[in-house]
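**Student:** Single-letter residue listing:
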Amino acid sequence: MKTRGLGDPLERFLGGPVLWGGLVLATLFAMGPFVWVFLASIKTRTELYAMPIQYLPTHPTFQNYVEAWTSRLTPFSRFFANSLWVSSVTMVATIVISTLAGYALARFRFVGKNTLMLVFLATQMFPAVLLIAPLLSQWHALGLIDTYQALIYSNFSFTVPFTVWMLVGYFESIPRELEESAMIDGSGRFGALLRIIVPLAAPGIAATAIFAFVSSWSELLFATTFTTRTDMRTLSAGLLYMVGQYEIQWGQLGAGVMISTIPVAILFIFLQKHLIRGLTAGALKG
Amino acid sequence: MGNQNATSAVPAPRALLSHATRETLSNYVYLLPAAICLGGTVLFPILKAIHMSLYYNVLIKPQEYRFIGLGNYVRMVQDPTFWLTLRNSFTWVFWSVSLQFFFGFLVALILNGQFKGRAIFRTINLLPWIIPGVVVALIWEYIYQPNYGPLNDLLRRAGLMREPVAWLSNLNLVMPAVVFTNIWRGIPFFTIMILAGLQAIPEEIYEAATVDGAGVIQRFWSVTLPMLRPIIVVSTATRIIWTFNYADLIFVMTGGGPANATQITSTYTLMQAYSDLDWGYAASLSVILLVIMLTFTALYLKLTKGVESVAG
Amino acid sequence: MVKDDAYYASRRQFLQTLAATGAIAAADLAWWEDPFLGPRRARAAASTVRFQFSVPEPLRISLVESLVERFNKAQSDVEVKVEFVPQAQARQKLITAVSAGSPPDCCQIWDNWVGEFDGMNALEDLTARIKEWKHYKDTVPVAWQTVTVKGKLLSFPWVVTNDAIFIRTDRAKEYGLKIPGPDWTWDDFLTLAKGYTKPDKNQYGFGMRGAGTWAVLYATEFLYSNGAQVLKDGKVVINSPESVQAFEWYIDLIRKHKITPPSVATDGYRQIVEGFGRGVTSMYLHNSGSVEEQKKFVGEPNFATLPLPLGPAKKRASFYFSETLTMFKAAKNKEGAWKFMTWLMDDEPNYDYAKTLGLLPTRQALADRPHYKHPGYQGFVRSFPFSIVSPYLAYAGWGGKLDSEGVPLVQQAMLGKISPKECLDKLAEVLTKNMA
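Chains as they are written, first to last, in the numbering used here: chain D, 2 to 287; chain S, 137 to 448; chain Z, 278 to 713.
One chain only, chain D, in its complex shape (with noise of 0.2 Å):
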């Protein structure tokens, strides 16, 4: 991180060893369990109910992924799709919409600006359980259940708020004069926050795009709730699938986990790009 004054020990110190021991520790932690998981999804089923425990395959299978992709009765292929489609659009749209939000909470003044932004946080506040059931009569009542309208509209429950909350801390740091500066030189407001603000927050909206897709990755009560057909469930949905009521299939659950991490990472790989330091100091000197 700190590559900067090279002369001082410490932050030789902090820079190499430290960076590097930090690194291996965490990257171990966050990676013990999937470790575990993945084992356990290429074991057959002898191997994982083995005693005592048996870490590695003898005969290591890929049979857990084909069934679970390709089955009938429970179509990971089509919960993938429908993750990522759900996902993808929540993405995009909390984006659209919390940039506009919070650009405009960041820059002008409302009367009741304060209050404004603490009843976004309120909306947080309430424990999806007891909301569940007015959402249901509510999608019901416009005919959504089954489709994707009834989980993405849901997702926005959880992810516009924070979206933009954060966005619009992330406005605030960057400076008003470049914008300023751009609406004299002839951009509009809309133009400036389009050709100006965009770019310099890219970072935060990175920051704030993965949030949005891995929180509607993850969610799990809207989609059981407001879907009743198979091929409508989401992957966390048809996870679930996998949880008998005496034994856990972790074979095929395995399977599925790391099949659904996949999209995550490929989506992350390419987004963290922006993830690094954004525009800001040379536009300052510009």
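FYI, nobody ran anything at the bench for these hints, they're computed from the structure.
Take these hints with a grain of salt, some might be off.
Label-pair restraints from in silico Cβ distances [as the list claims (entries may be wrong)]: (1) Lys114/D with Pro362/S: 18 to 28 Å; (2) Ser696/Z with Ile270/D: 16 to 26 Å; (3) Gln64/D with Gly175/S: 46 to 56 Å; (4) Gly205/S with Pro176/D: 31 to 41 Å; (5) Ala266/D with Phe230/S: 48 to 58 Å; (6) Gly693/Z with Gly205/S: 36 to 46 Å.
Covered stretches of chain S, as calculated for chain D (at least 3 residues, CB under 8 Å) [claimed, not checked]: (7) 299–307; (8) 367–379; (9) 416–424.
C-beta: ideal position from N, C-alpha, C; glycine also.
Given the coordinates of chain D, assemble chains S and Z onto it according to the supplied hints.
**Tutor:** Then chains S and Z, alone, in the frame of chain D:
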């Protein structure tokens, strides 16, 4: 209301009749989509729940449905389990969020460095966040299982343990165990948010600080932390709220047990609504939670000066 | 001037964007409806029946799907759509759906939910229809009792089961332990459990349930062995002296004799079944639903089942419970649902379902088939003479309270935080308060 928009410093050449008004309106238009989203999905159900909390509304006794004013709230004050869950909630939230934040911050600082394979490391560190809470709970329940889970087995093979430890059945260990799981799952959230925040700090400020002779520690305290304040405030405040309301993990891992040792107010609410089918009481519990958190958030934002930027 | 133009331009642009957002939102109504993979819409010809099935695990999904397919092929008036809901979410989803006014037409639920849903006024009273049903008379009366609430027959008892003790026969041989006969006693039980317990080998005598409603029910079955009862003459007597004495003995299994695994206080179904399956425990109390599972886990010849042991009072009881087929009052297609439910209750579909899941059919003729002669089922069959409907089904209000208050009390006793007597006194108090 004269000069609504502080940034439009240039006076309009022709004073249009309703310039200011139009501008105010157009400002609100920016908020409209967000307002619609939340109005449609959250506000109406919340109002409904507040209404519900004033009724005796036990689903299996529809014939006794009636208005009881603050009856549910009176019952809550006299309910020792409620107070217990509130205490448990504070423990759960405090340790979960503070440690998630601390480690998330550390990991963000590490991942902000420049090294080979950064994208891969960043991605791996994100993984715990992307599986549903219920599945996280099942995985960790398996890990903690005293007789056939890998944790005890590894500890035993390493010679660090003799008697199997029942992590989730021991009154003193169960809360730390579920909190630990929650920390595992929550670190990536803070990592990502703080990583984004770190990018917004202009290089010049660091350079200026270095020129002034500030070491790495001083730069952290005098530049990084203050500049990150808005992001920190927002992410911790929302995280606290979510953790308060987060029931999945505990519900699956321990069901609030053993002996209510991990019963937090949100799992208790869930149980009141879906086991006891007492929706009036469940609603009043949620309303109280809302009030507690609203008070807390207002105070928190006031103390931390909210998200106003340092520069003002 | 520049500024003014810019201002209008920005507003125009902004409105355009808003319009675009609106257009996207509007488009989704028409277009997202049929997304890229195009889910199959219901074929409009037949009238559909929505059937919620609440244990979607691969085995059951394929079983139910094949049954439904057979039904849909066998006739053309009704088409059944199954809705698989993960078990942990099933109850919550039904309650939510009932209060939102959109329950499925019929569903598979357990008998202890029937009273609650009836309390919510959500169930269709099937008494008249069932009394006319062709197999009404040859279904065992006790099965009907599990689904009778306030004199109304509310469901079909699809399959029933009772509780018995699973026991590892191969390990008994290994350790030179004698497998007792069906009329064994508490002392035999304790001796055997002690013989099985080898903590250094990660082996324990008895996998006791500590989580969920059945933590209370299984404990109660042991209390009945000592002559205890839950209700007597309309009064709760679960804290009677003989009951307390029995519960002290039961808790001693954990605290004094240490024949249970250390995780006992949070062990649910999965943990007790899997613990036995992995060889951690050598006995556990459960219904016949895990017989087929154990054939896969420990192997067919390696286990048997015995009825519950006789207590000092020379008594015992095993509780029946049933998996039901239940119709909702708000069902859109009651005739179709009835047709489907009665088809499922016919000989072959019913036998297939019961056999695959290790549960017992509710008609004597089917229960007499050779499949149920396996030693794994003997404990259950032998328990019929003293099996009763769970006393906790007496009041609809009890179901939820057992979960929210009963289970934490039993766990406190298991962990030694309160005495067994204190636990039962408080449980009696909770039950008495909710007798409605």
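**Student:** Hints first: check each against the structure and report whether it holds.
**Tutor:** Each hint, compared with the structure:
no.	hint	result
1	Lys114/D with Pro362/S: 18 to 28 Å	holds, 23 Å
2	Ser696/Z with Ile270/D: 16 to 26 Å	violated, 59 Å
3	Gln64/D with Gly175/S: 46 to 56 Å	holds, 49 Å
4	Gly205/S with Pro176/D: 31 to 41 Å	violated, 53 Å
5	Ala266/D with Phe230/S: 48 to 58 Å	violated, 32 Å
6	Gly693/Z with Gly205/S: 36 to 46 Å	holds, 42 Å
7	299–307	violated (count 0)
8	367–379	holds (count 8)
9	416–424	holds (count 3)
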